[in-house]
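Order-wise, the sequence lines are chains A and B.
First residue of the first sequence? That's 1 in the numbering used here, and the numbers climb one at a time after it.
First residue of the second sequence? That's 1 in the numbering used here, and the numbers climb one at a time after it.
None of these hints come from the bench; they were simulated from the model.
Even glycine gets a Cβ: it sits at the ideal position worked out from N, Cα and C.
A few of these clues could be false.
Stated by the list, open to error - Here are a few chain A residues that sit away from chain B, every Cβ distance over 12 angstroms (derived from the structure):
1. Ala16
2. Leu73
3. Lys107
4. Lys134
5. Glu137
6. Glu148
7. Asp163
8. Ala172
To be verified - Derived list of chain B stretches under chain A, where covered just means 3 residues or more per stretch with a C-beta under 8 angstroms from a C-beta of chain A:
9. 18-30
10. 89-101
11. 125-138
12. 143-150
Unchecked claim - Here are the simulated DSSO-like cross-link-like pairs (lysine-lysine), alpha carbons at most 30 angstroms apart as the crow flies:
13. A:Lys160 to B:Lys155
14. A:Lys36 to B:Lys89
15. A:Lys87 to B:Lys132
16. B:Lys55 to A:Lys89
17. B:Lys11 to A:Lys36
18. A:Lys107 to B:Lys44
19. A:Lys87 to B:Lys11
20. B:Lys105 to A:Lys89
21. A:Lys69 to B:Lys59
22. A:Lys36 to B:Lys105
23. A:Lys89 to B:Lys89
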Amino acid sequence: MRKAPEMPELNTGSSADIAFLLLIFFLVTTTFDTDKGIIRMLPPIVEKQEKSESKVKERNVFVVLVNAKDQLLVEGEPMDIRQLREKTKEFLLNPEDLPNLPEKEEKDIPYFGKVRVSKGVISLQNDRGTSYGKYLEVQNELTAAGNEIKDQIAMQKFNKHFDDLPEDQQNAIKQYVPVMISEAEPKNIGAGKGRK
Amino acid sequence: MAVFRKKGSRKARMNLSSMSDIVFMLLFFFMVTTTFRSASLKVKIHVPGATEVKKIENKSLVSYIYIGRPTNEKMYGTEPRIQLNDTFKEVDDIRDFIASERAQKSEADQAKMTVSLKIDKDVKMGIVTDVKQALRRASALKINYSGRKDDSYLK
Chain A
1 MRKAPEMPEL NTGSSADIAF LLLIFFLVTT TFDTDKGIIR MLPPIVEKQE
51 KSESKVKERN VFVVLVNAKD QLLVEGEPMD IRQLREKTKE FLLNPEDLPN
101 LPEKEEKDIP YFGKVRVSKG VISLQNDRGT SYGKYLEVQN ELTAAGNEIK
151 DQIAMQKFNK HFDDLPEDQQ NAIKQYVPVM ISEAEPKNIG AGKGRK
Chain B
1 MAVFRKKGSR KARMNLSSMS DIVFMLLFFF MVTTTFRSAS LKVKIHVPGA
51 TEVKKIENKS LVSYIYIGRP TNEKMYGTEP RIQLNDTFKE VDDIRDFIAS
101 ERAQKSEADQ AKMTVSLKID KDVKMGIVTD VKQALRRASA LKINYSGRKD
151 DSYLK
């Protein structure tokens, strides 16, 4: 028998060098910029500004104003941003059925049965001079209040965190504690253009 | 004088053939995860901190609008400007921008399109409100206020 010719060995020592070079290039250029943020839906535009705004009772509206100096006025009182979350939670839940906090109406909701659901709406208004940072902080606090309530109810009812629940149970909780944030149509007050 | 004898006349060689495999594996990982930034930023953006920020799931459905003070202040001044893709634009250009972004997406994805607003925290709300109104007119209603996880303003 003839001996099989020996395969010439390829020198692969440099392939690691090439791979390292490429690796370092991609290491340097990679940016893990995960975009994080607060998701919101804008209301669709209304062509004609109709005056027939449905009357909402004053007790059902939680008015948050932010002025050009980034100061907060909540329900007619100046407030610090740190108190806003608790105040919003109190408004949304109205646990003691106080007459100055929102009304509730009876609704049939899956998993909960007949329950009384708050009719409260949060109204957020800002000036053109408000800084975006403050605006987002306020938005964040309002969102946080809603999220904390939802999580609390999820814990009581299903003994799980809200984020871990299946979608239909999440939807039921969303119906149980609706968090509605309405933003006023921007108005041009006075010499609006020159204001900065 | 003692004579030192060389120990081990044969050189010990390490087997390096598996190193290239490992390096290649890492290489492929970084090649796959790399996303080249499509636009170079011409504005300074320091997004505000918030606690309730969530990750955006599908990156291919997101279009970005940047608002901030120009990096090159000598050329463009210090007033906040809007950047779409690679250039400075005005509020009126947002409609066209949204239309072209929408055209790039498949029909099924158009409804799920998200516009991420990357806005510097010191920008005034006036320009932001104008942009939001323009987005409403262009019926791009799903927006994302970009922020980073930080709760220092509560302390």
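We went through each hint and held it up to the structure:
| no. | hint | verdict |
| --- | --- | --- |
| 1 | Ala16 | violated (4 angstroms) |
| 2 | Leu73 | holds (15 angstroms) |
| 3 | Lys107 | holds (26 angstroms) |
| 4 | Lys134 | violated (8 angstroms) |
| 5 | Glu137 | violated (5 angstroms) |
| 6 | Glu148 | violated (10 angstroms) |
| 7 | Asp163 | violated (10 angstroms) |
| 8 | Ala172 | holds (21 angstroms) |
| 9 | 18-30 | holds (count 7) |
| 10 | 89-101 | violated (count 0) |
| 11 | 125-138 | holds (count 9) |
| 12 | 143-150 | holds (count 7) |
| 13 | A:Lys160 to B:Lys155 | holds (29 angstroms) |
| 14 | A:Lys36 to B:Lys89 | holds (24 angstroms) |
| 15 | A:Lys87 to B:Lys132 | holds (28 angstroms) |
| 16 | B:Lys55 to A:Lys89 | holds (24 angstroms) |
| 17 | B:Lys11 to A:Lys36 | violated (55 angstroms) |
| 18 | A:Lys107 to B:Lys44 | violated (49 angstroms) |
| 19 | A:Lys87 to B:Lys11 | violated (77 angstroms) |
| 20 | B:Lys105 to A:Lys89 | violated (40 angstroms) |
| 21 | A:Lys69 to B:Lys59 | violated (36 angstroms) |
| 22 | A:Lys36 to B:Lys105 | holds (22 angstroms) |
| 23 | A:Lys89 to B:Lys89 | violated (40 angstroms) |
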